[in-house]
Amino acid sequence: DAKTTQPNSMESNEEEPVHLPCNHSTISGTDYIHWYRQLPSQGPEYVIHGLTSNVNNRMASLAIAEDRKSSTLILHRATLRDAAVYYCILRNFNKFYFGSGTKLNVKP
Amino acid sequence: NAGVTQTPKFQVLKTGQSMTLQCAQDMNHNSMYWYRQDPGMGLRLIYYSASEGTTDKGEVPNGYNVSRLNKREFSLRLESAAPSQTSVYFCASSLPETGSNQPQHFGDGTRLSIL
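Protein chains in written order, with the numbering used here: chain A, 24 to 131; chain B, -15 to 99.
None of these hints come from the bench; they were simulated from the model.
Cβ coordinates follow ideal geometry from the N, Cα and C atoms, glycine included.
Nothing false has been slipped in among the hints.
Here are some chain A residues pointing at chain B (derived, C-beta under 10 Å):
#1 55
#2 57
#3 59
#4 67
#5 70
#6 110
#7 118
#8 120
#9 121
#10 122
#11 124
List time: in silico DMTMM-like cross-link candidates among lysine to aspartate or glutamate, alpha-carbon distance up to 20 Å:
#12 A:118 to B:36
#13 A:118 to B:43
#14 A:118 to B:22
To spell it out: a stretch of chain B is covered by chain A in this simulated footprint if at least three of its residues, at any positions, have a beta carbon under 8 Å from a beta carbon of chain A; those stretches are:
#15 24 to 37
#16 90 to 99
Kindly generate the complete structure, drawing on both the sequences and the hints.
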């Protein structure tokens, strides 16, 4: 089964960009890359997803390596409300592969 | 603007007791899911329902049963609770899957402790 590897924790200053890396060296051609985040005592919240091309939405950007073996979630200006656990997930139809995520701490 | 609603929010059971966790969504989604999250871990899929009337096993189905009561509701039942089932349970829903590109919308979870 395809799996993802993320750093356990990262720290950022408020209003600075944050780059959250994810390795998925065993990704298959039909796996989508999804990112979710989870605030304390809440369910995960969808952030962004992509297959091969880089993606942008109002929350973040997703940069996908050409060989698709890694990706980076980019928060352009971190705020205190962005402090959460960020999960990089490979999804193949109804199969999700959640890792343990990266805990992002944002300093004022 | 409820989204996905889970009840109860908290529950304590004794080993061997049974319980049903309830989930309802008001977004007219076809697909619904049950996950569990153990401390410090990511989510693991227990069961899912691609559409009303269908259910399928996920990664960790043992010890659980599900019912897709109608399009809105998807329940998870523990017939004989065990301490290993102590976890936070999340329900999610999404639009029909034409691929793997539909975001899932999650409830706030049910925190279940089994003594």
